[in-house]
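Full structure from sequences and hints, please.
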Amino acid sequence: MSGQGQEPQGSPQQATAAGEGPAAPGPRTWPLWEVFVRGKRGLSHVHVGSLHAPDAVMALRNARDVYTRRQEGVSIWVAKASDIAASSPDERDAFFDPAADKVYRHPTFYDVPEDVEYL
Amino acid sequence: MSSDTAATSAAAKPVAAQYLQGLADDALVYAQRLGEWISRGPQIEEDMALANVGLDLLGQARVLLTRVGELDGTGRSEDDLAYFRDEREYRNVHLVEQERGDFGFEMARLLWFSAYQCELYAALRSSADEILAGVAAKALKEVTYHQDHAAQWVVRLGDGTEESHRRMHDALVAVQPYVAELFEDDPASSAAAEAGVGVLPSSLGEAVSARVAAVVEEATLSLPEPSRWRSRGGRDGIHSRPLGYLLAEMQHIARSHPGATW
Numbered sequence: 001m002s003g004q005g006q007e008p009q010g011s012p013q014q015a016t017a018a019g020e021g022p023a024a025p026g027p028r029t030w031p032l033w034e035v036f037v038r039g040k041r042g043l044s045h046v047h048v049g050s051l052h053a054p055d056a057v058m059a060l061r062n063a064r065d066v067y068t069r070r071q072e073g074v075s076i077w078v079a080k081a082s083d084i085a086a087s088s089p090d091e092r093d094a095f096f097d098p099a100a101d102k103v104y105r106h107p108t109f110y111d112v113p114e115d116v117e118y119l
Numbered sequence: 001m002s003s004d005t006a007a008t009s010a011a012a013k014p015v016a017a018q019y020l021q022g023l024a025d026d027a028l029v030y031a032q033r034l035g036e037w038i039s040r041g042p043q044i045e046e047d048m049a050l051a052n053v054g055l056d057l058l059g060q061a062r063v064l065l066t067r068v069g070e071l072d073g074t075g076r077s078e079d080d081l082a083y084f085r086d087e088r089e090y091r092n093v094h095l096v097e098q099e100r101g102d103f104g105f106e107m108a109r110l111l112w113f114s115a116y117q118c119e120l121y122a123a124l125r126s127s128a129d130e131i132l133a134g135v136a137a138k139a140l141k142e143v144t145y146h147q148d149h150a151a152q153w154v155v156r157l158g159d160g161t162e163e164s165h166r167r168m169h170d171a172l173v174a175v176q177p178y179v180a181e182l183f184e185d186d187p188a189s190s191a192a193a194e195a196g197v198g199v200l201p202s203s204l205g206e207a208v209s210a211r212v213a214a215v216v217e218e219a220t221l222s223l224p225e226p227s228r229w230r231s232r233g234g235r236d237g238i239h240s241r242p243l244g245y246l247l248a249e250m251q252h253i254a255r256s257h258p259g260a261t262w
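Just so you know, the sequences run in chain order A and B.
The working numbering applies: residue 1 is where the first sequence begins, and numbers increase by one.
The working numbering applies: residue 1 is where the second sequence begins, and numbers increase by one.
Nothing false has been slipped in among the hints.
A partial selection of chain A residues facing chain B, derived with a Cβ cut-off under 8 angstroms:
#1 W30
#2 L51
#3 H52
#4 A53
#5 P54
#6 V57
#7 M58
#8 R61
#9 N62
#10 V66
#11 R69
Hint data in this document are derived by calculation from the structure and do not stem from the laboratory.
Backbone N, C-alpha and C define an ideal beta-carbon position, used for all residues, glycine too.
Pasting the structure below:
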């Protein structure tokens with residue numbers, strides 16, 4: 001809810017008698033999910049952002065509501081952010097710089113056929 | 001069939017207008033209520049979800065209100081009908097005008113209302129009024145998602161903690177008195193059904209209840225007994241206290257600055 005311990009007012013139900021329940025885990029303990037949307041058939045899913053949700057099923061629905069309101073996609077993946085192993089910025093030099101002078105790894109020594117759309 | 005492009009005979013027009021007014025007002029008033037959740041949901045994601053639901057309903061209301069203005073011969077626009085009718089001229093059921101309660105109450109209300117709209121729009125796809133049939137076909141996809149959203153939450157709250165189970169139960173009890181009105185055959189609905197434009201509300205009751213019951217059961221809850229008191233009269237313009245306040249908020253800008261555009 002909008003503030004800790006503050007319930008929405010004006011409930012048509014009678015005020016709940018048990019005001020102090022056990023300290024339930026707050027909504028802000030919902031895990032973070034990374035959202036990947038595929039724009040159209042034939043393309044890959046692209047990371048578009050993240051959101052909070054209690055579980056994967058709700059994360060998919062939240063992603064639909066937050067990230068595909070303007071027809072951005074035909075398919076959605078969500079993955080728990082904590083399940084993604086990511087490279088660290090500290091390791092950037094060791095990870096990526098050695099590739100900088102390996103020009104022979106680039107496909108620049110032959111012609112790409114014109115009709116190949118996604119390469 | 002008349003030569004009218006939307007194929008509603010001249011005789012059926014006033015009846016159709018009155019019937020559509022009820023459907024439009026249900027959608028419009030509930031859209032306004034749901035808008036209140038923006039910034040008050042349990043998470044910003046839920047703010048978005050309920051705002052989307054509200055905007056879907058607002059879209060339905062806009063087309064339906066425009067159609068009402070055509071059918072009743074007054075030529076009133078959607079804005080005329082939304083902003084310049086008073087409480088007694090609104091034809092929505094009491095369910096949608098009730099004040100925003102806790103989140104459980106909203107999910108119970110949304111479950112019943114969206115399940116009702118699912119059955120309603122499914123039936124109206126074959127309405128003799130082509131505009132209504134078109135709205136129904138498009139809106140059915142929207143309300144199917146609304147019902148799914150409500151169902152997801154009712155199941156999680158009902159089958160969640162002791163506290164959430166108790167509050168979801170209380171929410172179903174709180175909504176119960178407003179359910180029967182959805183399935184009441186008022187004169188406008190009966191006449192519209194006869195003319196092939198509308199569908200008899202009473203014919204939807206069983207299927208809607210089955211939709212809700214399936215969700216409630218999965219949520220380890222049970223549907224409350226029908227309440228002793230129940231709401232009546234929304235389709236006749238007899239409303240409960242909250243509607244006046246809702247309309248005052250929704251209409252005051254348009255009435256303070258008539259003809260203003262933005």
